[in-house]
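*Asks:* Protein chains in written order, with the numbering used here: chain F, 389 to 666; chain D, 389 to 666.
Accuracy of the hints is not assured; some may be wrong.
A pair holds if it fits inside one copy or across any two, identical chains being indistinguishable in the list.
No more than 20 angstroms apart at the CA atoms, straight line, and that leaves these computed lysine to any residue pairs for SDA-like [to be verified]:
no.	residue 1	residue 2
1	Lys617	Thr492
2	Lys617	Glu642
3	Lys390	Pro413
4	Lys645	Leu595
5	Lys533	His600
6	Lys533	Phe446
7	Lys658	Asn613
Everything labelled a hint here was simulated from the structure, so no lab data went into it.
Protein chains: 2
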Amino acid sequence: MKTIGVFDSGFGGLTVLRELLPLVPDARYLYLGDTARLPYGSKSRETIARYAISSAKFLADQGADLMVIACNTATALALRDIQKALPIPTIGVVEPGAQSALATAAVSPQKVDRSHVLVLATAATTQSGAYSRTLNSLGLRATEKACPLLVPLVEEGWLDQSAHVSVTLDVLRIYLLEAFEQAPDANVLLLGCTHYPLLKPLLETTLNALHHPMRIIDSAAATANAVAKLAVEAPPAVPVSTPECIFYATDSTEKFKHLGSIFLRQPISKVELVDLGG
Amino acid sequence: MKTIGVFDSGFGGLTVLRELLPLVPDARYLYLGDTARLPYGSKSRETIARYAISSAKFLADQGADLMVIACNTATALALRDIQKALPIPTIGVVEPGAQSALATAAVSPQKVDRSHVLVLATAATTQSGAYSRTLNSLGLRATEKACPLLVPLVEEGWLDQSAHVSVTLDVLRIYLLEAFEQAPDANVLLLGCTHYPLLKPLLETTLNALHHPMRIIDSAAATANAVAKLAVEAPPAVPVSTPECIFYATDSTEKFKHLGSIFLRQPISKVELVDLGG
Numbered sequence: 389m390k391t392i393g394v395f396d397s398g399f400g401g402l403t404v405l406r407e408l409l410p411l412v413p414d415a416r417y418l419y420l421g422d423t424a425r426l427p428y429g430s431k432s433r434e435t436i437a438r439y440a441i442s443s444a445k446f447l448a449d450q451g452a453d454l455m456v457i458a459c460n461t462a463t464a465l466a467l468r469d470i471q472k473a474l475p476i477p478t479i480g481v482v483e484p485g486a487q488s489a490l491a492t493a494a495v496s497p498q499k500v501d502r503s504h505v506l507v508l509a510t511a512a513t514t515q516s517g518a519y520s521r522t523l524n525s526l527g528l529r530a531t532e533k534a535c536p537l538l539v540p541l542v543e544e545g546w547l548d549q550s551a552h553v554s555v556t557l558d559v560l561r562i563y564l565l566e567a568f569e570q571a572p573d574a575n576v577l578l579l580g581c582t583h584y585p586l587l588k589p590l591l592e593t594t595l596n597a598l599h600h601p602m603r604i605i606d607s608a609a610a611t612a613n614a615v616a617k618l619a620v621e622a623p624p625a626v627p628v629s630t631p632e633c634i635f636y637a638t639d640s641t642e643k644f645k646h647l648g649s650i651f652l653r654q655p656i657s658k659v660e661l662v663d664l665g666g
Numbered sequence: 389m390k391t392i393g394v395f396d397s398g399f400g401g402l403t404v405l406r407e408l409l410p411l412v413p414d415a416r417y418l419y420l421g422d423t424a425r426l427p428y429g430s431k432s433r434e435t436i437a438r439y440a441i442s443s444a445k446f447l448a449d450q451g452a453d454l455m456v457i458a459c460n461t462a463t464a465l466a467l468r469d470i471q472k473a474l475p476i477p478t479i480g481v482v483e484p485g486a487q488s489a490l491a492t493a494a495v496s497p498q499k500v501d502r503s504h505v506l507v508l509a510t511a512a513t514t515q516s517g518a519y520s521r522t523l524n525s526l527g528l529r530a531t532e533k534a535c536p537l538l539v540p541l542v543e544e545g546w547l548d549q550s551a552h553v554s555v556t557l558d559v560l561r562i563y564l565l566e567a568f569e570q571a572p573d574a575n576v577l578l579l580g581c582t583h584y585p586l587l588k589p590l591l592e593t594t595l596n597a598l599h600h601p602m603r604i605i606d607s608a609a610a611t612a613n614a615v616a617k618l619a620v621e622a623p624p625a626v627p628v629s630t631p632e633c634i635f636y637a638t639d640s641t642e643k644f645k646h647l648g649s650i651f652l653r654q655p656i657s658k659v660e661l662v663d664l665g666g
């Protein structure tokens, strides 16, 4: 049985784990949220690489034999460094997201060369240009838009069910209108942050209101599919209903239990505190 | 000549430095923004204490002989720990802010026992209860309100001059209305985060719109006054127009120059990168 390590700076990577659980139920999962040092989105490449490597190594030391860097910022800035530092296969979220955008573009009525992918992400991810490079190498045009308020809005819980959802809708409208100024013909929307799948219904509402239809690609789901292809050697003889998940965090385990349960959409009852020397 | 160390997790402490420069011009200033590990507001007490002590010790090692913890979260959660770990006098922002609220209450038409202080701050500061304890010990009632979106909104620059100021006004209205539900008779507003002085004009607009007048106390200005009392031994013989300021950051010096200049309201041309081993 595979032991799959899933790493993120915080809770967002749980959206990747959530997609993975039904796809690869016959695995053991180790999740680490480096919550003491989050958010990575506003930090420099050197700092992010150092933090991500120490976090991924911790999970490898705990027995992971396949690693998912479920953090767009760490993938965009430091995937090569992490892959070099780890002795096990390591997958990030950028390449699967870009491949999924290509697959969408290829089946849509317009041809690939008419596709223009708009990537929403944190400041550090967009500054790295990793999505543009990867999408361009697949023959797709790309525009990246930094959206620093979206992670705090998701963590504040101002989503569909909230009385304050109008603030989040305003912010989404502002960010999308700013992006369309640079990329008026964008027709594929790639969510380049693992917090953003929680905003998907609100993004659909906003795009409808702006009369700007786009296909939405979720890099969390795309990454889970890529991991499943690597991890599933053979279907399990006996279906396993609940894979074992072990959760680690570098800061408040109470906060991790509370927020993490929202991202995972199932209760998290136990979180182990680890000190990575930050 | 005194060397005054000013420490914050990021840029907010520059609002304290900005108030200090004209009050104590005949000093040398060392400012450290622990930007690689910000924000402290969402982290646990143990983590914040560890980060703050290593940061303050760095400034003491550089020659500071008076230390200002210009970070509400670090003061609220770890001032005692920092004071124990440092061989120099160390002032935080909570006590001066609370004293300033008391002074305001004492001169206002209503008596001190009718005063009710509403403290706006980060989640970690409010969870610590430090402001309530300090204000209560001065005979003032207090209610604390966590406002996690305000720091990102200030850093996004959606302030007075921005086309998107309406979002910030909406968020302020939501936070204040939620606070007034718990504390309908609050009549003094204490800004318990060094980012918030940049929101002062918008807070005044919002309070007017809600027909809820309050005196606004700025803990950055209050702290600068407290430091000045300690630091000014005698007025300088020759007025010094521009005190020397040395800036350190643990992450991107470019971002520090850009955002820091907004908080300090004067250009920052040189920032030294330091590694505190996080």
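*Asks:* If a hint holds in the structure, say so; if it does not, say that too.
*Replies:* Hint-by-hint comparison with the structure:
Taking the shortest alpha-carbon separations for Lys617 and Thr492, only the intra-copy value of 19 angstroms comes in at or below 20 angstroms, while the best inter-copy value is 66 angstroms. With identical chains, the CA atoms of Lys617 and Glu642 are never at most 20 angstroms apart, being 34 angstroms at best within one copy and 41 angstroms at best between copies. For the identical chains of this complex, Lys390 and Pro413 are intra-copy neighbours only, at 10 angstroms inside a copy versus 64 angstroms across copies, given an alpha-carbon limit of 20 angstroms. Proximity of Lys645 and Leu595 under a CA criterion of 20 angstroms is satisfied in neither setting, with 33 angstroms inside one chain copy and 36 angstroms between copies.
For a Cα distance limit of 20 angstroms, the shortest separation of Lys533 from His600 inside one copy, 16 angstroms, qualifies, whereas the shortest one across copies, 38 angstroms, does not. For the identical chains of this complex, Lys533 and Phe446 are neighbours neither inside a copy (32 angstroms) nor across copies (37 angstroms), given an alpha-carbon limit of 20 angstroms. Within a single copy, Lys658 and Asn613 get their C-alpha atoms no closer than 27 angstroms, and across copies no closer than 47 angstroms, so neither meets the 20 angstroms cut-off.
Of the hints listed earlier, those the structure fails to meet are numbers 2, 4, 6 and 7, in rising order.
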